[in-house]
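> The UniProt record's numbering applies: residue 1 is where the sequence shown begins, and numbers increase by one.
It is possible that part of the hints are untrue.
Pair ranges (Cβ atoms, derived) [claimed, not checked]:
1) Ile283 - Asn51: 20 to 30 Å
2) Gly58 - Pro96: 41 to 51 Å
3) Leu123 - Asp497: 24 to 34 Å
No more than 30 Å apart at the CA atoms, straight line, and that leaves these computed lysine-lysine pairs for DSBU-like [said to hold, decoys possible]:
4) Lys338 - Lys412
5) Lys335 - Lys468
6) Lys398 - Lys350
7) Lys338 - Lys492
8) Lys540 - Lys119
9) Lys161 - Lys43
10) Lys338 - Lys433
11) Lys536 - Lys161
12) Lys350 - Lys433
13) Lys161 - Lys243
14) Lys438 - Lys398
15) Lys157 - Lys243
16) Lys468 - Lys211
17) Lys191 - Lys211
18) Lys350 - Lys119
19) Lys191 - Lys88
20) Lys433 - Lys268
21) Lys439 - Lys157
22) Lys151 - Lys536
23) Lys151 - Lys540
24) Lys438 - Lys492
25) Lys97 - Lys540
26) Lys20 - Lys243
Derived by calculation from the structure, the hints in this document are not laboratory data.
These numbers were taken from a predicted model, which means no experiment stands behind them.
Don't be surprised by glycine CBs; every beta carbon is placed ideally from N, CA and C.
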Amino acid sequence: MAANKKYNKNHQSTIQDNSKFYLLPLVIILSILPLIMRLHNTKVPDLSMYNWAPISNGDIDIFLYYKQVFFTFCVFVMLLIIISKIIKGYKIFALPKILIPISIYCFLTILSTIFSPYKSAGLFSIFDQHESVFTIIGYIICLCYCYMFVKTQDDLKFILKYFFISVMILNLLGLLQISSHDLFSTDFGKKLFLPSSEWNNLDAFTMVFEKNRVFLTLFNPNYVGVYVSLIIPLILCLLITEKTLKYIFFYIVALIGMILCFIGSGSKTAIISIAINVFLIIIFFRKHIFSKKKYMFPVLGIILLFVCFITISHWQTIKNIIQVQKSSYIVSDIKTDKDLEILYNGSLLKINYTVTDTNYNISITDNNNNPISYTADPSNILNITDERFSGVQLQMIKYDDKLCLQINMNDKTWYFTNQLPDGNFHIINNYGKYDIIKKADSAIFTNYEGFASGRGYIWSRTLPILKKYILLGAGANYYTFAFPQQDYLGLKNAGFDGQLLTKPHSLFLQIAVQSGVLALLAFITYFILYIIWSFKLYWKSSFNDIYTRTGIAIFLAVIGFLISGISNDSSIGVSPVFWVLTGLGLAINHKNSQTIHP
Numbered sequence: 001m002a003a004n005k006k007y008n009k010n011h012q013s014t015i016q017d018n019s020k021f022y023l024l025p026l027v028i029i030l031s032i033l034p035l036i037m038r039l040h041n042t043k044v045p046d047l048s049m050y051n052w053a054p055i056s057n058g059d060i061d062i063f064l065y066y067k068q069v070f071f072t073f074c075v076f077v078m079l080l081i082i083i084s085k086i087i088k089g090y091k092i093f094a095l096p097k098i099l100i101p102i103s104i105y106c107f108l109t110i111l112s113t114i115f116s117p118y119k120s121a122g123l124f125s126i127f128d129q130h131e132s133v134f135t136i137i138g139y140i141i142c143l144c145y146c147y148m149f150v151k152t153q154d155d156l157k158f159i160l161k162y163f164f165i166s167v168m169i170l171n172l173l174g175l176l177q178i179s180s181h182d183l184f185s186t187d188f189g190k191k192l193f194l195p196s197s198e199w200n201n202l203d204a205f206t207m208v209f210e211k212n213r214v215f216l217t218l219f220n221p222n223y224v225g226v227y228v229s230l231i232i233p234l235i236l237c238l239l240i241t242e243k244t245l246k247y248i249f250f251y252i253v254a255l256i257g258m259i260l261c262f263i264g265s266g267s268k269t270a271i272i273s274i275a276i277n278v279f280l281i282i283i284f285f286r287k288h289i290f291s292k293k294k295y296m297f298p299v300l301g302i303i304l305l306f307v308c309f310i311t312i313s314h315w316q317t318i319k320n321i322i323q324v325q326k327s328s329y330i331v332s333d334i335k336t337d338k339d340l341e342i343l344y345n346g347s348l349l350k351i352n353y354t355v356t357d358t359n360y361n362i363s364i365t366d367n368n369n370n371p372i373s374y375t376a377d378p379s380n381i382l383n384i385t386d387e388r389f390s391g392v393q394l395q396m397i398k399y400d401d402k403l404c405l406q407i408n409m410n411d412k413t414w415y416f417t418n419q420l421p422d423g424n425f426h427i428i429n430n431y432g433k434y435d436i437i438k439k440a441d442s443a444i445f446t447n448y449e450g451f452a453s454g455r456g457y458i459w460s461r462t463l464p465i466l467k468k469y470i471l472l473g474a475g476a477n478y479y480t481f482a483f484p485q486q487d488y489l490g491l492k493n494a495g496f497d498g499q500l501l502t503k504p505h506s507l508f509l510q511i512a513v514q515s516g517v518l519a520l521l522a523f524i525t526y527f528i529l530y531i532i533w534s535f536k537l538y539w540k541s542s543f544n545d546i547y548t549r550t551g552i553a554i555f556l557a558v559i560g561f562l563i564s565g566i567s568n569d570s571s572i573g574v575s576p577v578f579w580v581l582t583g584l585g586l587a588i589n590h591k592n593s594q595t596i597h598p
């Protein structure tokens, strides 16, 4: 009987053992997933019913699809481990109440996808969007899994060791890319991500990024900025508190590598995130810095010199980010109805034409129906001579066996026709489809569309649609369908002509649209609670042990990611790393809360 009790005690002790097997999924996500690249021809859903969508039979992907597959597999393994532990009777720590808001976010995302009018987008992938509803669920599972299974210093060291190996590999790739020796531009590098069936056609595959641009394995240089915003504060915190010389050297090398990746990426928004984090590091490590000022002041001086260098060398970029400059457009409105109405330099230009068997008649008037004067050159280009519409040219052309109107104005070309059955004017878009122009509602950034490299336009047109997604969102991966893609004039004026906007360039707007405003509030609530908890734990800490050192490092890394998230959306290339680190932060905070009394 006594032996049986002893067996049961050992049998339920469990998750507190030091088996590294349980940590492998976390290690793999942190260290291997960001490195995955493989060619995949993604089948694009039939969007022929949408006139604003391109005609496409597939989407070539190298960076994202297999990351999602790999992540889903890792999450599935984690889920099986959790279930097996429960079945075997192992004791699992009760999850903390702080996870309630993030669980609500996850639940609302699931509901939003279930009730989405385009469920397949949320269940699979579409247009460079590879965060399905299963991926979102996986993020929360990672969070809980870390809390349940990361228990000892050895666990933490084991995870961080392999994580930093991955960081160093990415640093090496970044160094090659910034020095114009991109690995993936070589035959050997291409063979790493191409199937053998394509090895005889290597020259057909080239990266679209300009020379010296750092994109690593993360699909987009902007995501390099997000990754760097996550990693630099983590390394800085560990460097400041490290006492062993070999690790100090390692962190310095890793930090320099990440800085070079940051510079090479050209990411603008990461500048603000890193600057804020440097300030926070100085505040939190104030005692540490002054107690070792003989060593820390030179280090701090180097950091400040670096910040000054980045500020000076990127001053114009920083000005463009923070400067709020009002936008003005020569063409401010276009209406497609029985007449084609164009608001040009504040004056209304009305155009109509009729077609006979042998000829056509065109009418060009102003808002008072007064004829507008023009001249016709030998090639039948009509040049408007009225000063109000100076620079406007019209020409009749044939397209799809229909007589259409080509208009050149403000160095941009438009195509319209009124030869469809309804007799109204339609735009012929970049995909060769007939559509109508629908001016989108705008909010907050109205007339400031150029803010933050065009994000002002995207945000201004996204904010008004949130009123449709208060309780539930449009569904995972659904942003493409929710955005007003028929705002052709706004798109052209903002520099997005011919582009299909598939993401809001903001993590928070992405959540609000796809999961709902209520889900966004739940998401924000979780991180506010985490930040407050961390602030209380580390404000007066001396950072003398691995738990407090790593806890503050992850806390500031999370802040860095969230700041970058204001102007960058979530991506399967970086977000899994963020969520695993957040889970580690949760586990460490739990450990520290048992020993620290702020």
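> Taking the hints in turn, state whether each one holds.
Status of the hints after comparison with the structure:
Checked against the given bound of 20 to 30 Å, the beta carbons of Ile283 and Asn51, roughly 53 Å apart, lie outside it. Evaluation of the 41 to 51 Å hint for Gly58 and Pro96 yields a pass: the beta carbon distance comes to about 45 Å. About 32 Å separates the C-beta atoms of Leu123 and Asp497, a value consistent with the hinted range of 24 to 34 Å. Distance hint between Lys338 and Lys412 is fulfilled; the C-alpha atoms sit about 23 Å from each other, no more than 30 Å.
Proximity of Lys335 to Lys468 is assessed by CA-CA distance (about 25 Å); at most 30 Å being required, the pair is judged to hold. The suggested pairing of Lys398 with Lys350 holds, with an alpha-carbon distance near 21 Å, which does not exceed 30 Å. Proposed proximity of Lys338 and Lys492 is supported: the alpha carbons are some 23 Å apart, at most 30 Å. Annotation: proposed proximity of Lys540 to Lys119 is violated, straight-line Cα distance about 49 Å (limit 30 Å).
Between Lys161 and Lys43, the direct Cα distance comes to roughly 38 Å. Violation of the 30 Å bound is thereby established for this hinted pair. Distance restraint check for Lys338 and Lys433: the Cα-Cα separation of roughly 19 Å lies within the 30 Å cut-off, and the hinted pair is therefore satisfied. Taking the CA atoms of Lys536 and Lys161, the gap is about 28 Å. The hint holds against a cut of 30 Å. Using a Cα cut-off of 30 Å, the hinted pair Lys350 and Lys433 holds, with the two alpha carbons roughly 23 Å apart.
At roughly 17 Å between alpha-carbon atoms, Lys161 and Lys243 fall within 30 Å of each other, so this suggested pair holds. Between Lys438 and Lys398 the CA atoms are separated by roughly 25 Å; this keeps the pair inside 30 Å, and the hint holds. Restraint check for Lys157 and Lys243: satisfied, since their Cα atoms lie roughly 16 Å apart, inside the 30 Å limit. With a C-alpha separation of about 43 Å, the suggested pair Lys468 and Lys211 falls outside the 30 Å cut-off, and the hint is violated.
Taken as a hint, the Lys191 and Lys211 pair is honoured in the structure, with Cα atoms around 21 Å apart against an allowance of 30 Å. Pair hint Lys350 plus Lys119 does not hold up; C-alpha atoms about 42 Å apart against a cutoff of 30 Å. Straight-line distance between C-alpha atoms of Lys191 and Lys88 comes to about 45 Å, which puts the hinted pair past the 30 Å bound. Between Lys433 and Lys268 the alpha-carbon distance is near 35 Å, which puts this suggested pair outside the 30 Å criterion.
Simply put, Lys439 and Lys157 have alpha-carbon atoms about 55 Å apart, too far for the 30 Å limit, and the pair is violated. A hinted pair counts as satisfied when its Cα atoms are at most 30 Å apart, and Lys151 with Lys536 qualifies at roughly 21 Å. The hinted pair formed by Lys151 and Lys540 meets the criterion: a straight-line CA distance of about 24 Å does not exceed 30 Å. A distance of roughly 13 Å separates the Cα atoms of Lys438 and Lys492; the hinted pair therefore holds under the 30 Å criterion.
The hinted pair formed by Lys97 and Lys540 meets the criterion: a straight-line CA distance of about 25 Å does not exceed 30 Å. About 26 Å separates the Cα atoms of Lys20 and Lys243, which keeps this hinted pair within 30 Å; it holds.
Hints 1, 8, 9, 16, 18, 19, 20, 21 from the earlier list are contradicted by this structure; the remaining hints agree with it.
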